[in-house]
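Enquirer: Each chain, written out:
Protein chains: 2
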Amino acid sequence: MKIGFIGGHGHHYLTEILRDGDHDAAWAGDAHDNDAARAKCDRLGLTAWYDDARSMLERFRPDVVNIGAVYGYNGDAIAEVLERGIPVVSDKPVAATEAQLERLRRLVTGDARLITEFPFRSRPPFRAAHDAVLAGRVGDPVLATAQKSYRFNARPAWFGDRAAYGGTMLWVASHAIDAIEYVTGRRFIRVTGRGGNVAKPEYAEMEDHCVLIGELEGGATAVVHADYLRPSGAETHGDDRLRLAGSTGVLEVRDGACSLIDISGNSVIHPAATPVPVGRALLAAALGHDTSLYGTERSLRTAALLLACRRAADDETWVQL
Amino acid sequence: MKIGFIGGHGHHYLTEILRDGDHDAAWAGDAHDNDAARAKCDRLGLTAWYDDARSMLERFRPDVVNIGAVYGYNGDAIAEVLERGIPVVSDKPVAATEAQLERLRRLVTGDARLITEFPFRSRPPFRAAHDAVLAGRVGDPVLATAQKSYRFNARPAWFGDRAAYGGTMLWVASHAIDAIEYVTGRRFIRVTGRGGNVAKPEYAEMEDHCVLIGELEGGATAVVHADYLRPSGAETHGDDRLRLAGSTGVLEVRDGACSLIDISGNSVIHPAATPVPVGRALLAAALGHDTSLYGTERSLRTAALLLACRRAADDETWVQL
Numbered sequence: 032m033k034i035g036f037i038g039g040h041g042h043h044y045l046t047e048i049l050r051d052g053d054h055d056a057a058w059a060g061d062a063h064d065n066d067a068a069r070a071k072c073d074r075l076g077l078t079a080w081y082d083d084a085r086s087m088l089e090r091f092r093p094d095v096v097n098i099g100a101v102y103g104y105n106g107d108a109i110a111e112v113l114e115r116g117i118p119v120v121s122d123k124p125v126a127a128t129e130a131q132l133e134r135l136r137r138l139v140t141g142d143a144r145l146i147t148e149f150p151f152r153s154r155p156p157f158r159a160a161h162d163a164v165l166a167g168r169v170g171d172p173v174l175a176t177a178q179k180s181y182r183f184n185a186r187p188a189w190f191g192d193r194a195a196y197g198g199t200m201l202w203v204a205s206h207a208i209d210a211i212e213y214v215t216g217r218r219f220i221r222v223t224g225r226g227g228n229v230a231k232p233e234y235a236e237m238e239d240h241c242v243l244i245g246e247l248e249g250g251a252t253a254v255v256h257a258d259y260l261r262p263s264g265a266e267t268h269g270d271d272r273l274r275l276a277g278s279t280g281v282l283e284v285r286d287g288a289c290s291l292i293d294i295s296g297n298s299v300i301h302p303a304a305t306p307v308p309v310g311r312a313l314l315a316a317a318l319g320h321d322t323s324l325y326g327t328e329r330s331l332r333t334a335a336l337l338l339a340c341r342r343a344a345d346d347e348t349w350v351q352l
Numbered sequence: 032m033k034i035g036f037i038g039g040h041g042h043h044y045l046t047e048i049l050r051d052g053d054h055d056a057a058w059a060g061d062a063h064d065n066d067a068a069r070a071k072c073d074r075l076g077l078t079a080w081y082d083d084a085r086s087m088l089e090r091f092r093p094d095v096v097n098i099g100a101v102y103g104y105n106g107d108a109i110a111e112v113l114e115r116g117i118p119v120v121s122d123k124p125v126a127a128t129e130a131q132l133e134r135l136r137r138l139v140t141g142d143a144r145l146i147t148e149f150p151f152r153s154r155p156p157f158r159a160a161h162d163a164v165l166a167g168r169v170g171d172p173v174l175a176t177a178q179k180s181y182r183f184n185a186r187p188a189w190f191g192d193r194a195a196y197g198g199t200m201l202w203v204a205s206h207a208i209d210a211i212e213y214v215t216g217r218r219f220i221r222v223t224g225r226g227g228n229v230a231k232p233e234y235a236e237m238e239d240h241c242v243l244i245g246e247l248e249g250g251a252t253a254v255v256h257a258d259y260l261r262p263s264g265a266e267t268h269g270d271d272r273l274r275l276a277g278s279t280g281v282l283e284v285r286d287g288a289c290s291l292i293d294i295s296g297n298s299v300i301h302p303a304a305t306p307v308p309v310g311r312a313l314l315a316a317a318l319g320h321d322t323s324l325y326g327t328e329r330s331l332r333t334a335a336l337l338l339a340c341r342r343a344a345d346d347e348t349w350v351q352l
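Those sequence lines, one after another, are chains A and L. Counting in our numbering, the first sequence runs from 32 upward without gaps. Counting in our numbering, the second sequence runs from 32 upward without gaps.
Rather than coming from a laboratory, the hints here were simulated on the basis of the structure. Here a beta-carbon is modelled for each residue, glycine too, at the ideal position from N, C-alpha and C. Please note that the accuracy of each hint is not assured.
[Said to hold, decoys possible] Part of the chain A face toward chain L, derived, beta carbon under 10 Å:
1) Arg-136
2) Thr-223
3) Ala-235
4) His-240
[Stated by the list, open to error] Covered stretches of chain L (in silico footprint by chain A; criterion: 3 or more residues with CB under 8 Å from a CB of chain A, positions within the stretch not fixed):
5) 36–43
6) 249–260
7) 288–296
8) 314–321
With these hints in hand, go ahead and build the complete structure from the sequences.
Expert: Structure follows, in structure tokens:
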């Protein structure tokens with residue numbers, strides 16, 4: 032299979048596939064930070080480098096493309112690929128503006144496929160939580176809370192530019208927002224939030240933290256908070272958590288494990304089956320083989336949800352979905 | 032000293048004082064659930080029982096009164112006591128309606144003293160967090176999140192009556208709201224929230240969970256969530272947590288301890304000095320000897336804040352304070 036990569040940021044989970052078998056790969060710049068893209072290409076020892084994504088698409092003719100551009104411009108790169116009828120796996124956000132989202136909606140017709148990387152769905156503790164809810168082990172979902180906390184370390188200057196960065200709701204909180212829908216099986220129907228930048232004033236338009244609350248289907252409530260304040264002395268880069276209080280049990284993902292408290296006590300729980308590694312799961316979705324976890328309609332719906340969450344927080348207003 | 036008690040609910044922290052020395056105590060009903068009050072009186076082996084709070088005030092003539100009525104009616108009992116010029120220590124909420132709050136405001140003039148029981152201020156892990164912030168160990172507060180989660184067990188039927196119960200924002204989330212102001216040293220200036228009742232429909236007007244987000248002074252953000260969903264199999268009755276991410280450190284109260292992560296790693300931290308037990312601290316405030324932790328102005332301001340939080344959640348709207 033021929034796999035094309037675009038951009039120098041994000042995760043490019045399809046690079047995991049390159050180890051799996053006999054694939055051809057090429058890498059292209061995103062026109063916003065080609066140095067970063069070139070560095071990724073070089074680190075993988077790939078020789079097929081293109082300065083320009085269009086050249087790569089036209090000359091390399093990939094079967095699938097994996098995008099990780101400067102975050103605010105994923106949507107532009109995705110559109111270039113979809114216009115050529117090639118399936119896309121992209122870093123989030125797939126749309127950082129309503130205009131990008133509209134363009135993607137127009138392009139996603141017929142069997143076009145746009146898959147968003149939300150790897151929590153493929154991680155064992157979040158899968159364990161999802162499976163426990165599905166098996167009725169917490170009863171009805173009532174209150175879901177999720178945390179994202181990262182070390183900031185050094186970040187590119189464009190994090191301070193809303194157009195390039197997209198916002199912390201799209202880049203960080205998005206994982207938690209998607210994870211809540213995934214684990215609870217309930218969609219957000221109404222949201223508000225806020226954000227701010229207290230500690231990183233040199234990144235002028237970035238939020239160093241943001242929060243979201245919302246109503247989920249069935250009368251449940253969700254809370255998400257994200258921050259870049261994890262100290263350098265912390266043991267790990269990220270501190271991802273999710274807690275779901277249900278009518279008969281409380282489950283919690285923390286420190287890479289999932290625990291469940293119910294009437295019989297506290298136990299560590301595991302997924303019903305070992306998750307397929309994220310790169311393979313994303314590829315299977317992009318090829319239309321398995322869209323149970325990742326899919327085109329879900330990509331667009333989540334993109335719209337995230338833009339609504341960002342707008343709600345920007346304006347500190349309640350937004351109906 | 033003569034200590035009068037009113038009501039059969041809440042905590043009556045001044046009962047701790049009875050062990051300290053030679054005090055006289057009397058107990059009175061709150062006219063809403065006298066059986067519960069009488070049971071408390073009997074459990075303490077007190078013989079001075081009054082069916083009616085006014086009789087107790089007029090005949091026993093207490094030096095200080097400690098109130099724990101059916102929650103929605105604390106404010107009425109407080110007013111009765113303040114009208115007689117006697118200092119009050121009360122369970123929260125001290126006002127469950129704007130009318131109660133207005134009445135208290137009119138009565139709190141001169142050296143009248145109304146102290147609200149917010150015992151987190153006297154608990155070592157929350158004190159440790161407060162002291163760490165004051166010592167600059169987390170830098171500027173950025174994102175404060177707090178959780179209250181209780182077992183529901185069996186509760187009186189009046190929990191299902193908003194007028195009697197007051198709401199989960201006032202009864203449960205209030206601890207977390209006060210703790211955030213206490214630990215961060217920053218006041219709420221703008222809030223919204225929501226709540227719902229998914230799992231306890233037999234308590235018709237009660238929220239089985241509620242959430243609040245708000246802006247704190249200095250651009251920081253606060254998140255509070257409270258629920259009655261802690262399973263009976265949990266190790267402890269409550270699961271109180273507070274996390275504060277600051278510009279240089281993150282502190283967290285959980286499982287009865289406070290930890291701090293900063294540039295040098297993760298450590299358990301302790302208060303600068305052992306807190307005075309809550310009953311003695313509340314009494315000292317009521318007598319005007321030490322209002323550093325608990326005070327009349329703070330009681331009224333927090334009561335107004337809590338009513339605003341409840342209104343914001345009831346209406347799902349942003350409320351400016």
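Enquirer: Failing hints, ascending?
Expert: Hints 1, 3, 5, 8 contradicted; others consistent.
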